[in-house]
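All chains, full assembly: derive it from the sequences and hints.
In the order they appear, the protein sequences are chains A and B. Here this note's numbering is used: the first residue of the first sequence is 1, the next is one more, and so on. Here this note's numbering is used: the first residue of the second sequence is 1, the next is one more, and so on.
A couple of the hints might just be wrong.
Claimed, not checked - In silico contact screen, one side only, chain B against chain A (beta carbon under 8 Å); selected entries:
(1) L70
(2) R74
(3) L75
(4) P77
(5) P79
(6) G81
(7) D207
(8) K213
(9) A260
(10) L292
Simulated from the structure, these hints should not be mistaken for laboratory data. Predicted, not measured: the structure shown is a model, and the values here were computed from it. Heads up, the beta-carbon is just placed ideally off N, CA and C, and yes, glycines get one too.
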Amino acid sequence: MLLEARDLKKHYPTRNGVVKAVDGVSFTLEPGKTFALVGESGCGKSTMAKLMLLLERPTSGAVVYDGQEVTAMRGRALRRFRRDVQAVFQDPYASLNPRLRVGKIIAEPMMAQGDLDRGAIRKRVAEALDVVGLQPDAARLYPHEFSGGQRQRIAVARALAVRPKVVILDEPTSALDVSIRAQILNLLSDIQDEYGLSYLIIAHDLALVEHFSDVTGVMYLGNMVEQGPTASIFDTPSHPYTQALLASAPRPDPDHHLPTDVIIGEIGSALAVPSGCPFHPRCPKRFAPCDSENPERRATAPGTWARCHLLHGPDTAPGHPELHLSERTRS
Amino acid sequence: MTEMSPMDHAPADQSRTDQPPVLDVRHLVTELRLRRGALRPVDGVSFRVGRGETLGIVGESGSGKSMTCLSLLRLLPRPGGRIAAGEVLVAGTDLTKLSEKELARDWRGRRISMVTQDPMSSLNPVYTVGDQVGAPLRYHGLAHSRAEARARAADALGRVRIPSPEARLDDFPHQFSGGMRQRVVSAMAIACAPEVMIADEPTSSLDVTIQVKMMDLYKQIQEETGVAIVLITHDMGVAASICDRIAVMYAGRIVEQGPAREIFRNPAHPYTRALLNAIPKLGEKSKRLYALGGQPPSLLDMPGGCRFAPRCTLADAKCLAAYPGDSDLGSGHRAACWRLSEEGAPDAA
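Here it is, written out as structure tokens:
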């Protein structure tokens, strides 16, 4: 394993109480693989990205990179972590400094690392531009001279130039138009195949996640509720929340019926996480233990687990979780 | 298969009804005058929407879909924005010919209303929800007293399924969740019982689980009131779930329109096909997505012929030379592509 989250928690104290943005999340990212974190806004997936990048320090738990705890790293080890783990953010209009030329934007991380001379940096900039499909003279231009899709290519080039091992992609295509999205996703796939990179992708678009990732983790109010190989999560979702997300995803098919009864109300507040299973107030299948006990993980398929009381006591459960699978008809 | 120039009027294509359309937009051209020259973000757009019908206008950013909406309501940026040509007929009255005063008094917000993407920016944070939903009723003279406005505002909030509406009249927007705020904005839009409601990306800022409920709500409101809805969206999935008919916009023009099922099952225009192929679909495991090369043209530098030709794999000399007329593909399905008018449907996407 390359990058690991071990029981990560991030709590923010506020005047109104403690916001439990991330409350005990664990997963591992394997070399050359893509792990996807999905969930609604407010589920803590972007906080996870910040924690994994060490832009935020966890309240408890650990981020482990290559066998070493990241929060304990100093000096050379920390610099290596900062080089090996790069990020591409959602909005390429906000993530590129408008006052710098593209060449400088891509060079900055290498200059911060301080182990390459100017000639080598210039060469790396040209290489990175080439990899993302931009002309070498792009280096002399400013970000405003590029379209959204091209800017996202520049952001990818900046992440790649230092030759990282992991790239954290926080909603990398949601600010882009449909026809441009496919270009960027294909580019990211090609780069991964060529350089053996690991990706941690944060996304809300489930079809994108199914297409792009190897392993998926579903988050709800700071908790991981289901995790496993992407094919297993999407073909046989066990948690009612995963089922609701999948059933609610709009599909480009006028004959597909979107059910409105798979989830109740809106996402709760991380300031007052519900007792028991955090999803129970919205769950149409809740029963006796759901509001008092947070269910333990339960294996549902090879390498797959979910946290749901329905999986623990099928005899006492009013409905079997698999009942809803039939609603997710393939189109 | 008949050919028409884009300037010919669209034939009757109401698949549902024989009655005249509530909204009939004819060859609408919108101009923006800038220092760099005049742009035409909307360049000859025609469509019709019948009572109780939902038309989806889909397209990428810059395709002119939002500008089309703003043109319908004459809410164009000033100075510089104007409707240069065309008609916007609502129940037979051409809104482009009305004075600003008439438009504001009798039409905008009254018979043709609008819901925008971000509910927080369409609500005033310092007024109560009851005041804001009641405001259009009082402005348009549908409520003659504060008490009547409150009662009708509560009624509108109830129609968008906000629980215990009377109790929430004195709440402020920040006391509502994102999905509930979008319901409040929708309540404002339907308070005056308009004939046409324009919804510009009404669910794009909402999570999918909430989005489903909003779409369901629009369908219910439509069944109850018969309002004609124009839904602007970039999301083909959203369009598929609610629209009866779809118009696909590219670079200021409608390149294809027709019944939703036709557009999704038998897309005719190479751009529509490319858009549908570029979206990852659930349950489809292919590793590579179809990626449309290039990017949409700039309004400042519009290609002379078919505007999609520079990105189209099927384009030939004719496509680059002149804009194609609409080909009628039957049951109101039309597309503007030279390859269709020449030799039937193009075979590659």
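Hint check results:
no.: 1; hint: L70; verdict: violated, 20 Å
no.: 2; hint: R74; verdict: violated, 27 Å
no.: 3; hint: L75; verdict: violated, 24 Å
no.: 4; hint: P77; verdict: violated, 20 Å
no.: 5; hint: P79; verdict: violated, 24 Å
no.: 6; hint: G81; verdict: violated, 23 Å
no.: 7; hint: D207; verdict: holds, 4 Å
no.: 8; hint: K213; verdict: holds, 6 Å
no.: 9; hint: A260; verdict: holds, 4 Å
no.: 10; hint: L292; verdict: holds, 4 Å
Comparing the model with each numbered hint stated earlier shows that hints 1, 2, 3, 4, 5, 6 do not hold.
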